[in-house]
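Peer 1: Now for the letters of each chain:
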Amino acid sequence: MDLGSAATAVLPTPERRAERDDRKERQPVPGAVRDDLEEVFRRDYRRVVGVAARVLGSRDAAEDVAQEVFLSFGRSTVPAGEATGWLSVAAAHTALNVLRSGRRRTSREEATAASPVAPDAAEEALALEERARVRAALARLPRKQAMALVLRHSGLSYAEVAAALDLSPGSVGTTVRRAESALREELNRHASSG
Amino acid sequence: MRHPAEGVLRRLLDEPAGVADADRRHVADCAHCLAELAVVRDDAMLVGAAIADSTGDLDTDAAWRRLPAASAPARVAVPHRSRLRDIVKRPAVAGLAVALVLTGAGTAAANDWLKIFSTERITPVSISAADLVALPDLSAYGDLVISSRPDVHPVADAAAAEAETGIDVPEVAELPRGVSGDPEYQVGGEVVATFTFDATRAGGPLPPPGVDGATVRLVAGPGVAQVWQSDAGIPALVVGRATAPAAFSDGVPFEVLRDHLLSLPGLPDDVGAQLRTFTADGASLPLPVPSNEVRTSTAQVGDATATVLTSRDRALAAVVWVDDGEVTAVAGSLDVDELLAVARGLR
Numbered sequence: 001m002d003l004g005s006a007a008t009a010v011l012p013t014p015e016r017r018a019e020r021d022d023r024k025e026r027q028p029v030p031g032a033v034r035d036d037l038e039e040v041f042r043r044d045y046r047r048v049v050g051v052a053a054r055v056l057g058s059r060d061a062a063e064d065v066a067q068e069v070f071l072s073f074g075r076s077t078v079p080a081g082e083a084t085g086w087l088s089v090a091a092a093h094t095a096l097n098v099l100r101s102g103r104r105r106t107s108r109e110e111a112t113a114a115s116p117v118a119p120d121a122a123e124e125a126l127a128l129e130e131r132a133r134v135r136a137a138l139a140r141l142p143r144k145q146a147m148a149l150v151l152r153h154s155g156l157s158y159a160e161v162a163a164a165l166d167l168s169p170g171s172v173g174t175t176v177r178r179a180e181s182a183l184r185e186e187l188n189r190h191a192s193s194g
Numbered sequence: 195m196r197h198p199a200e201g202v203l204r205r206l207l208d209e210p211a212g213v214a215d216a217d218r219r220h221v222a223d224c225a226h227c228l229a230e231l232a233v234v235r236d237d238a239m240l241v242g243a244a245i246a247d248s249t250g251d252l253d254t255d256a257a258w259r260r261l262p263a264a265s266a267p268a269r270v271a272v273p274h275r276s277r278l279r280d281i282v283k284r285p286a287v288a289g290l291a292v293a294l295v296l297t298g299a300g301t302a303a304a305n306d307w308l309k310i311f312s313t314e315r316i317t318p319v320s321i322s323a324a325d326l327v328a329l330p331d332l333s334a335y336g337d338l339v340i341s342s343r344p345d346v347h348p349v350a351d352a353a354a355a356e357a358e359t360g361i362d363v364p365e366v367a368e369l370p371r372g373v374s375g376d377p378e379y380q381v382g383g384e385v386v387a388t389f390t391f392d393a394t395r396a397g398g399p400l401p402p403p404g405v406d407g408a409t410v411r412l413v414a415g416p417g418v419a420q421v422w423q424s425d426a427g428i429p430a431l432v433v434g435r436a437t438a439p440a441a442f443s444d445g446v447p448f449e450v451l452r453d454h455l456l457s458l459p460g461l462p463d464d465v466g467a468q469l470r471t472f473t474a475d476g477a478s479l480p481l482p483v484p485s486n487e488v489r490t491s492t493a494q495v496g497d498a499t500a501t502v503l504t505s506r507d508r509a510l511a512a513v514v515w516v517d518d519g520e521v522t523a524v525a526g527s528l529d530v531d532e533l534l535a536v537a538r539g540l541r
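Listed in order, the protein sequences are those of chains A and B.
Its first residue numbered 1, the first sequence is counted upward by one per residue in my numbering.
Its first residue numbered 195, the second sequence is counted upward by one per residue in my numbering.
Careful: at least some of the hints might be erroneous.
As the list claims (entries may be wrong) - Partial pick of chain B residues on the chain A-facing surface, computed with a CB cut under 8 Å:
1. Glu200
2. Glu209
3. Leu240
Claimed, not checked - Chain A is nowhere near these chain B residues, computed Cβ spacing over 12 Å in every case:
4. His197
5. Asp351
6. Val366
7. Asp376
8. Val386
9. Val495
For the record, the hints were derived by calculation from the structure and aren't laboratory data.
A virtual CB, placed ideally from N, CA and C, is assigned to each residue, including glycine.
Bound conformation, chain B alone (with noise of 0.2 Å):
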């Protein structure tokens, strides 16, 4: 008979039982094997004892108190919040959000917004281009080729907006006091990803059938942008629309894979963030806020339900809200009545 390979010496170690009876006999009568057996032994045993739990007494009540989700009102006040909380830990990521609705729309309008948020009122951050377009970075999880970048770039009108982006530009029927003149117009063409997802990079749980080697194809923009200046050389007033963030998958639902990697261990939060942005018909729009710094409420917009977001000083508002595969913002340095009233009239 064959000597019994290195694999099965080593469960004769741990699990007897569960090595062949034939094999066990063997192992028992011959030389070679016992003595393979016994490197098999002292190689366990040095590397056990090399990646032995050292860690001592462990202070559970005191990591219990530590754990956020012990102490956070999520289980019983505003559970919403409360995770977003939890996910979203960088102070950009409320510009960040209104800047995923202006995409396309928007490098440059969006770094003008995000300067306001980041410079004058919240800690400095330092934000790129690439993540304004804010497609998840998946590069660890699979293959991600991004084969479409948006090339934001000023247009002199409506009308050539509408030509370069097919979206129909929302007109403001009438601005709030304090703002005027005519807007600049800004244009963004699509982002397009394709994400290959690869289990065995991934990691983690077993994913379910299909979804190892599955491809999506995550699309943001084209979008438009209309920005007012105020006198300060901020914008007073950004009017922003574009075609939802949505993926597209050919063979497993969208949904399945990327719940299968919002379930893995160790996903960074900002990622599983963006990722929650994304839905396979583009109908919602799970804006990540962090909550200590801005608030966030939901008001009606036509058929709509937007959600409205506003600095703790109420310096800057926006109101964001998606209707037919479409994502329309509305943001300034205003009152959110002021920005509601635009955000009603748009026609």
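For reference, chain A alone in the conformation it holds in the complex (with noise of 0.2 Å):
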């Protein structure tokens, strides 16, 4: 992926959104469609659902957050060299949305879960414990620390996690220390209390 212009893609510094309104003016029909769209689409689809599904547990609800991306990105007019940044940091965001407005059916799967089963499931029963668990700290977690974590994990160098959550180079080792730090808490604050 092009580093520098996916940092720059979510940048929208005054030069660039003139730039953009000036093409919107060109654009006379609002609404029309981006005619890379699919382009983009069949290079960069795995990417967008693999970024989703790291906050999501779920490849559904993934790719039901890349669909999402996509349509806003095909009516967008991001520039095409800055796609697949733009494409990654609408999806952790987007899915960090999604998270975060099923955080009470998380809840619910939780109890759920940690209800009695039968002994041939148990172990599946756990995974899925902790799976809702992961999700629910994922939820707690402040937004620049989750997305912080999800962009690194998703292969995003720390110059382009900089630029797309506006912190220094510096302090993204930091943020995503402290995100990984409080999801092992309570990793492990449900492993020794299980």
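Using the hints, build the complex out of the two chains.
Peer 2: Spelled out as structure tokens, the structure:
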């Protein structure tokens, strides 16, 4: 992926904004879908679903997020060279929104998973429970920490994460570390209590 | 030398070249830091495994076919309506748009109108008075304070309506066939909401300079509606006029903030659709309508280009236009030609 362009994709400087507005004027038809959508979709679909799946832990939900993200992209004027970075950031953000809005449901899932189960289903239930716990903990993280964590584990460089989240590259490590530390504590807490 | 911070150790795992030489040398020779580094590495691996991407094989072809934009005629034919199909999912929105036009006009009149749309012709929907004022719910993106609600109520006549709203009540020159008698007058005051954007709460891409913390005032109304009832007790004709929805900003131009909000991934479709109806000068009214239920076209009313909404069964129609900061709607269970005649004959 193009490192520099992904970083700048999420930084709408006044110049870029003006450029976009200018481009908008040259697109007299509101809502027209950009011509390179299919090409970008086929190239980056796997990556976008992957980013969302890290957050949601569900392939179906991740594919739904990807649909939403590519729809937004299709209506955007993001330069083609910056698409991959933009899509990754949008996927992480949208998936976290979904996760946050479904927090109550996750709590219910936790309750269900914690209820007694037949011995032969115990292992599966344990995996489900752990997955639900990770998602619940992820939903509770401050937004910047969660974004930094997901983007970093999705393969974005420190410079790209820094640009996407308005952090200095030096503080990305601190932010990712805090997120990992919080999630680790959550996992350990349950492991020791269970 | 002090031990490097945990963040430095974390980066050392991923991008050692990004860590200062002095820090790298220190860690290599420091038992304390090496122990810390091991903990940081274990946590990173544990969490990495917990949030691993386990989607496996994907059917990109099927996913592409599923994307509405891939099959919509947006790129070739009627992009305007395709966009609307994309952004509006609730069947009540056409009614909502008309209600917005009658804003201020109001809850009572608009409810009646919606009832026609919802219970007789279109999937039943539940819609609250809060929806009718049509201020977008931006509470997830900052602080939204509604400081003035419309307080819709009937008044005795046109003079009273004008006195309360300051709006010239449009006078119908000639009632269409089948509509008779005197109208009921409804008025509503201004709806005012103040929204302060909070970039941290909103998340998403970095906003343009000045947008974080920017405050805008969204105003709709006041408005007035005249409602002629039919024998069946539903409105046969509604003529409404209101101050067009507008947004005022003392900092960054409103459009900058609006465009940033619209660019945020995850913005609910209906909020986006409502947001688009607000302009800085109240000069345009892009109506969100469900194109599978309602046809849209345009017609000339005086100097203004009006949007014409027609339900697919032709039972209901509305003509809506904005002129000089005021939005006017003529709607009812009449033919478009009859409504246009009323619209063009307003005094």
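Peer 1: Verify that the Cβ of aspartate 351 of chain B lies farther than 12 Å from every Cβ atom of chain A, and report whether the claim holds or is violated.
Peer 2: 41 Å, holds
Peer 1: Verify that the Cβ of valine 386 of chain B lies farther than 12 Å from every Cβ atom of chain A, and report whether the claim holds or is violated.
Peer 2: Valine 386 of chain B clear of chain A: closest Cβ-Cβ about 28 Å, beyond 12 Å.
Peer 1: Once the closest CB in chain A is found, is it more than 12 Å from histidine 197 of chain B?
Peer 2: Label holds. Min Cβ-Cβ 14 Å, cutoff 12 Å.
Peer 1: Going by Cβ atoms, does valine 366 of chain B stay more than 12 Å from chain A at every point?
Peer 2: Since the minimum Cβ distance to chain A is about 33 Å, valine 366 of chain B lies beyond 12 Å and the statement holds.
Peer 1: Holds or violated: glutamate 209 of chain B as interface residue toward chain A, Cβ cutoff 8 Å?
Peer 2: For glutamate 209 of chain B, the interface hint holds, since the closest Cβ of chain A sits about 6 Å away, which is under 8 Å.
Peer 1: Does valine 495 of chain B clear chain A by more than 12 Å, comparing its Cβ with all Cβ atoms of that chain?
Peer 2: 22 Å, holds
Peer 1: The hint names glutamate 200 of chain B as touching chain A; please verify it with the least Cβ-Cβ distance against 8 Å.
Peer 2: Interface hint status for glutamate 200 of chain B: holds (5 Å vs cutoff 8 Å).
Peer 1: Non-interface claim for aspartate 376 of chain B: all C-beta distances to chain A beyond 12 Å?
Peer 2: About 41 Å separates aspartate 376 of chain B from the closest Cβ of chain A, which puts it past 12 Å; holds.
Peer 1: Minimum Cβ distance from leucine 240 of chain B to chain A below 8 Å?
Peer 2: Holds: closest Cβ of chain A sits about 6 Å from leucine 240 of chain B, inside 8 Å.
Consistency with the previously given hints is maintained throughout, with no hint failing.
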